[in-house]
Amino acid sequence: MENSSIQEPFDLIRLSLSERVFVKLRGDRELTGILHAYDGHMNLIMSDVEETIMIVDVAEGAPAGQPATVNVAKRKMEMLFVRGDGVILVRLPYCRICRCSCNQVSPPSRT
Amino acid sequence: MRHNFCPLGSLIFSVFKTLTDQQVTVELKNDLSITGVLKSVDQFLNIRLDSIKVLDEARHPHMMAVKNCFIRGSVVRYVQLPSEHVDTQLLEDATRRGAPT
Amino acid sequence: MEDSTPPPPPEEQSPPPPPPATHTGSPTDFLKGVVGKRVIVRLTSGMDYRGVLSCLDGYMNIALEQTEEHVNGVVTNRYGDAFIRGNNVLYISAAEAF
Chain F
1 MENSSIQEPF DLIRLSLSER VFVKLRGDRE LTGILHAYDG HMNLIMSDVE
51 ETIMIVDVAE GAPAGQPATV NVAKRKMEML FVRGDGVILV RLPYCRICRC
101 SCNQVSPPSR T
Chain H
1 MRHNFCPLGS LIFSVFKTLT DQQVTVELKN DLSITGVLKS VDQFLNIRLD
51 SIKVLDEARH PHMMAVKNCF IRGSVVRYVQ LPSEHVDTQL LEDATRRGAP
101 T
Chain A
1 MEDSTPPPPP EEQSPPPPPP ATHTGSPTDF LKGVVGKRVI VRLTSGMDYR
51 GVLSCLDGYM NIALEQTEEH VNGVVTNRYG DAFIRGNNVL YISAAEAF
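Chains as they are written, first to last, in UniProt numbering: chain F, 1 to 111; chain H, 1 to 101; chain A, 1 to 98.
Honestly, the hints are just simulated from the structure, not real lab data.
Small disclaimer: the values here were computed from a predicted structure and weren't measured.
The beta-carbon is built from N, C-alpha and C at its ideal position, and this holds for glycine as well.
Some hints could be false.
Computed footprint of chain F on chain H; a stretch qualifies when at least three of its residues, placed anywhere within it, have a C-beta under 8 angstroms from a C-beta of chain F [stated by the list, open to error]:
(1) 11 to 24
(2) 33 to 42
(3) 79 to 88
Okay, derived cross-link-like pairs now, SDA-like style, lysine to any residue, Cα gap no bigger than 25 angstroms in a straight line [to be verified]:
(4) F:76 with H:65
(5) A:37 with A:90
(6) H:29 with F:32
(7) F:76 with H:58
(8) F:74 with H:44
(9) H:29 with F:47
(10) F:76 with H:80
(11) H:67 with H:96
(12) F:76 with F:50
A few chain F residues that face chain H, going by a derived Cβ cut-off under 10 angstroms, partial list only [as the list claims (entries may be wrong)]:
(13) 26
(14) 28
(15) 29
(16) 36
(17) 43
(18) 47
(19) 56
(20) 58
(21) 69
(22) 70
(23) 72
(24) 74
(25) 80
(26) 83
(27) 85
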C-alpha cells in the first residue's frame, strides 16, 4: 500500500490502462478486454473483448434450493465502448502488493 | 487525427466525434442492436445514426422501415467501434493526462 | 440520469482530519476511520465484497484489496484489487475494530 500510493479509487483504474481487465456489469454480464480509456462515469473503451452472459434457468417445479442451471453465452468484439452506468466492478490485471499474477485475468479462450 | 481533449469526461465524447461517418453497432439496454453510420453525437453521448439496420429484424419487425434514428445516450449498453479508426495509444495517453483526479 | 451530470470536483483535501471516532461521529468520520481496515461492502444486488478498503471517494466508488466476493455467505471469487462503482453500494460495514 505504501509503495504504490493510491489516494482515490480511480487511481486503481489508471494502473489498468493497456492491461487486460475484468469488468462485471449489470444484467449478469462480464467482460474481459484490454482497457484503453475511461472517464469519471466509468464509461470504458476496451479492445479484444470477450463478453460472458449468464442466463439462469430455474427449472419449473424444481424443489426449492435445487441449483438452477446456468447457461453461459459468450461472444467477442474487437473494439467496444461500454456505458459506465452498467459497470458494477472492475478487477485489476495483477495483484499490486506482490506484483504477481495471482490476480491475472486469463485472455479469452480461442474458440 | 488531432484530438483536443479536455479534462473530465469529454474524452469519450471526443472519441465519438472522430468516428462520425463511420459504421458502428449500438447495443441498447433492451438488447436491440442497431448498426448504422454515426452522424452525430453530443456531450450526453446521445447518438444519431443513418442507414440503420437492426440485427435481429425478425424480432423487431417494426424497425424494418426505419432508416435513421436518434438514440438517447442513457439507453445505450455498448457501442461496437471500428477498431481501425481508434488509436489506442492516443486514448491511453489522453486518459492518463485527463483522467479524473 | 446521474450519468449525464459532469463528475464532481475532486474530493476535498480536508485539513487535519479529526481523530477517528469510536462510538459517535458523523458518517464521514466513520468512512475516514475505516480506510485501511477490513470491511464488508454490500451491493444493492445483495452481493457482499469483503476486503481491505484502500480508499473511496465522494461517490462511494471504492478500491478494495484482497477482495473476496460472497454470495449468500459462500466465497464465489477472489480478486487482488477491485474497483466498485459507487452507485451499486448499499452499505459499508466495518469488519474489524477501529
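Problem set entry | Violations among the numbered hints | Going through the list in order, the structure violates hints 2, 4, 8, 11, 14, 19, 20, 21, 22, 23 and 24 and respects the others.
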